[in-house]
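Novice: Read off the chains here:
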Amino acid sequence: MDNSRVHKGLFILLLILLIATVVIALTKGAASIELSIVVKTLINGPANDTTSRIIWQLRFPRVLTSVVAGAILAVSGMVYQALFRNPMADPYVLGISSGGAFGVSIAAYFGLLGAAGGIWKIPIAAFVGAFGSATLILLLANRSRGNQTTLLLFGVALNFLLSALMTLFMFLNRSQLQSILQWSMGSFATASWQKVAIITSIAIFSLIPILFFTRELDILLTDESSALSMGVEINKVRTILLLFTTLATSVTVSFCGVIGFVGLMVPHIMRLIVGPRHKRLFIFSLVGGALITLLSDTIARLIVAPSELPVGIITSIAGSPLFFFLVFNSRKRSSV
Amino acid sequence: MSESIITIKNLVHSYHLKKLFDNLSLQLPKHTFISIVGPNGSGKTTLLRHLIRSLPTEKDKIFLMDQDISFYTQKELARNLSYVPQQSKLEYDFTVYEVVAMGRYPYQKPLNLPSTEDHKIVNESLKAMKIEHLKDQNGTQLSGGEFQRMLIARALAQDSPLILLDEPVSHLDVHNQKEILNLLRNLVDSNKTTVITVLHDLNAVSAFSDLVVMMDKGKIVAEGKVSEVLTAQKIEEIYKVKVRVENNNERPTILPIWN
Amino acid sequence: MIGPTEDRSGVQTHTQSSKLFGGEGMKNKILLVLVTLLLMTTTLFGMGSNENLSSLNKPISVVDSRGVEIQLEAYPTKIVSLSPNITETLFALGLADKVVGRTDYCDWPLEALEIESMGDLFSPSIEKIVASGADLVISGNFGQALILEAVEQGGVNIALFDEDQSMEGTYTLIEKVGQITGSSEKATSLLNEMKQTVDKVVASIDEKNRPTVYYVAGFGEWGDFSATGDTYINDILNIAGGINIASDALNWTFQQELLIQSDPDIIILPPNVGATFEQTKNEFTSHPVYSNLSAVKNNKVVSIEENILERQGPRSAKAVEQLASLFKSLM
Chain A
43 MDNSRVHKGL FILLLILLIA TVVIALTKGA ASIELSIVVK TLINGPANDT TSRIIWQLRF
103 PRVLTSVVAG AILAVSGMVY QALFRNPMAD PYVLGISSGG AFGVSIAAYF GLLGAAGGIW
163 KIPIAAFVGA FGSATLILLL ANRSRGNQTT LLLFGVALNF LLSALMTLFM FLNRSQLQSI
223 LQWSMGSFAT ASWQKVAIIT SIAIFSLIPI LFFTRELDIL LTDESSALSM GVEINKVRTI
283 LLLFTTLATS VTVSFCGVIG FVGLMVPHIM RLIVGPRHKR LFIFSLVGGA LITLLSDTIA
343 RLIVAPSELP VGIITSIAGS PLFFFLVFNS RKRSSV
Chain B
330 MSESIITIKN LVHSYHLKKL FDNLSLQLPK HTFISIVGPN GSGKTTLLRH LIRSLPTEKD
390 KIFLMDQDIS FYTQKELARN LSYVPQQSKL EYDFTVYEVV AMGRYPYQKP LNLPSTEDHK
450 IVNESLKAMK IEHLKDQNGT QLSGGEFQRM LIARALAQDS PLILLDEPVS HLDVHNQKEI
510 LNLLRNLVDS NKTTVITVLH DLNAVSAFSD LVVMMDKGKI VAEGKVSEVL TAQKIEEIYK
570 VKVRVENNNE RPTILPIWN
Chain C
22 MIGPTEDRSG VQTHTQSSKL FGGEGMKNKI LLVLVTLLLM TTTLFGMGSN ENLSSLNKPI
82 SVVDSRGVEI QLEAYPTKIV SLSPNITETL FALGLADKVV GRTDYCDWPL EALEIESMGD
142 LFSPSIEKIV ASGADLVISG NFGQALILEA VEQGGVNIAL FDEDQSMEGT YTLIEKVGQI
202 TGSSEKATSL LNEMKQTVDK VVASIDEKNR PTVYYVAGFG EWGDFSATGD TYINDILNIA
262 GGINIASDAL NWTFQQELLI QSDPDIIILP PNVGATFEQT KNEFTSHPVY SNLSAVKNNK
322 VVSIEENILE RQGPRSAKAV EQLASLFKSL M
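Protein chains in written order, with my numbering: chain A, 43 to 378; chain B, 330 to 588; chain C, 22 to 352.
Honestly, the hints are just simulated from the structure, not real lab data. It should be emphasised that the depicted structure is a prediction, and the values quoted were computed from it without experimental measurement. Be a bit skeptical, because a hint or two may be false.
A short, non-exhaustive set of chain B residues, derived as facing chain A with CB atoms under 10 Å [what the hints assert, rightly or not]: (1) Y412; (2) Y421; (3) R483; (4) V572.
Cβ coordinates follow ideal geometry from the N, Cα and C atoms, glycine included.
Please work from the sequences and hints to get the whole structure.
Specialist: Right under this line is the structure:
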């Protein structure tokens, strides 16, 4: 099987790229610090001087957060696309993104977020909104006994509703409108080791189980009757997978805001390169998502330094051409 | 162990406040080629869906191999019964081998690699459906006949004593129809598998079936050998079409009178 | 100052016409009314559109910040201000009795609070503005351009004065407001006062001991924002003798890394909306990242009334003065 050797090579390449990007990201920043000093600081471990604090307290957690967040978003997107049998699905279809932003805007309106947003207040408000919305949708869909399309439509409706409500509360709360808007555009700037610990644990807890369901994900891509008759407990599998990915994505949104493109496009890009089998797609989406997100965040904080661009803009601008290129070339292929 | 593969007792099915099945009962023997016929809307697909447990069913209504299907786990059910749907599309670039290999799911544990046994059965299924030469082909690029064979091969890979098919050849040309129905016939004759298939072409039914079940408006209106069920009178009564039946060797030829 | 003229042209014409045509006959009366209406309508249309007037050479002409030449028959007697800094400027120019409308945010001087508010900064009531009978509506922010257009539709003169984000821009602003309201003399003396104050400050700056400063526009979970180089506050900070560490950045965004690396001497922290300075300072100083800053450790996190710092207007020189003395006291 020639392909599998190519795929192995490709994976190693991606992994190397990821590690290289981590290293580069640690050495570059708005505060220009000489490479040798960066290396020394890393080797010596966290200390109390300015340079050490920049590298250890700011850059390192930020780099790690973007890596983990990217992995979560890409794998969640992969799962959602299979569960909904819909290539346009991304982890936000069940209202996680609009729910998170809504949670923040309504908490801000009622003055619950404190003067500076408090370290945990915003993430908690966002998480309640995000996870709450998704759960609401799932319960509604369950009661309505609808199929996947029904679920998606509920999600679309909720997204509209929550976005409108969020806009309303932002309008009523003009003084914080800019802050909320900025937050919703996604950022890794508020990373910390505590957050890294939380998001990494959630990632491990939520993503590893998905490895156990790669066969089911493959089979779920066929129709319902076929999947059932092949022995897949569709409802159980869907519930478990949705639960895990929704949890992980909600945590990501509550720490990092809404970062688009990764969940939708990375699984597609990887599918075009390594094919649809989820056993392979999982690991490639994971690494691909991590790489694209880290790259984007690094560019976002370097390109107009000392200012910063929202990371979501970079992921979209960088990723879309790549996606176009791949789709265009894939049309020419005749067989796998 | 009885000779029945499927026993249905007093099955009820309601749909939008209307009753489709009202105490439907049926007993089907093993190792036979059984065709289910009837006009559109007579309940054939619904019946199949009950059998694969795609529709909620009460206990004590449907028995597979003498066991209430409510008590099978999903994988156990899949090991005993496989299904080829009426319509299925492949939207992703799986190879033919990969698609057929999905049929081994009921025998596999998560994270385990496919076993030698799995590979053997998949290859045998490909061979049985005469698509071995296509195994590395992109499944989305098959002809209609090849695609159907792939789906049946996948069902074969489940290694089940019963295969259910919902109109497997309706959209194929006559060559492919003959090939596939012959392959199914061979399965019954050699493997001692039981085949239950919904078919529209009454002549195909006549040529291949051991047993015919005729349905109309959710009721079983006839059950038995081909020559018993496919009579001009019954066909006219159920299909509202006049036909001329030419009897040869208990496998009549049915000629619809078009004008 | 030229005396107030209400647009009585319609009424006067009517009176003249009746003398021309004699007072009798229904036909004549109807004709008179029609002619009057025609003339009033023409004048009303004429009032609403500056283009029509440009050929008429009105006595007062000022080019506003949009580059539009505003021509008026006479100096305004009823002015609505849509921006706090414009309100302050109008009051400082002694035009208090001419101001008939303000926004919710126009809170200085205290007398301004007695004036009826037209609403907030982003969606004031156009109807109310027009109903106030104002003959000039002034905005101090390009962000209100659409509101001004809507007001213009209602037939009222508009002007937008939003100049350079600098002290020079403030001077230009006051000058222009003076021009269009016919208080150029008062404006000149106010400007002289302000320039004197600023000159005094600049002269007293110890060039060798200028503090590095950072203005906190936003911090913590929302992200870091500061008065970047393109802002007005940046200019004030510099004139007052500070070295703004965010002056190379643009668009209010600033990266935490740089804040840590630059470690400014003084941090200016305006209280957050709905909180006191103490509360905001508490949140800032107890945050794990900021708590290590020298300014925090040396208790040089201070505040100055946000409004005088942000509003380009008559109090800007005072802002410079206050900041300069604050810097001196801390260094």
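Novice: Which earlier hints can't be squared with this structure?
Specialist: 4
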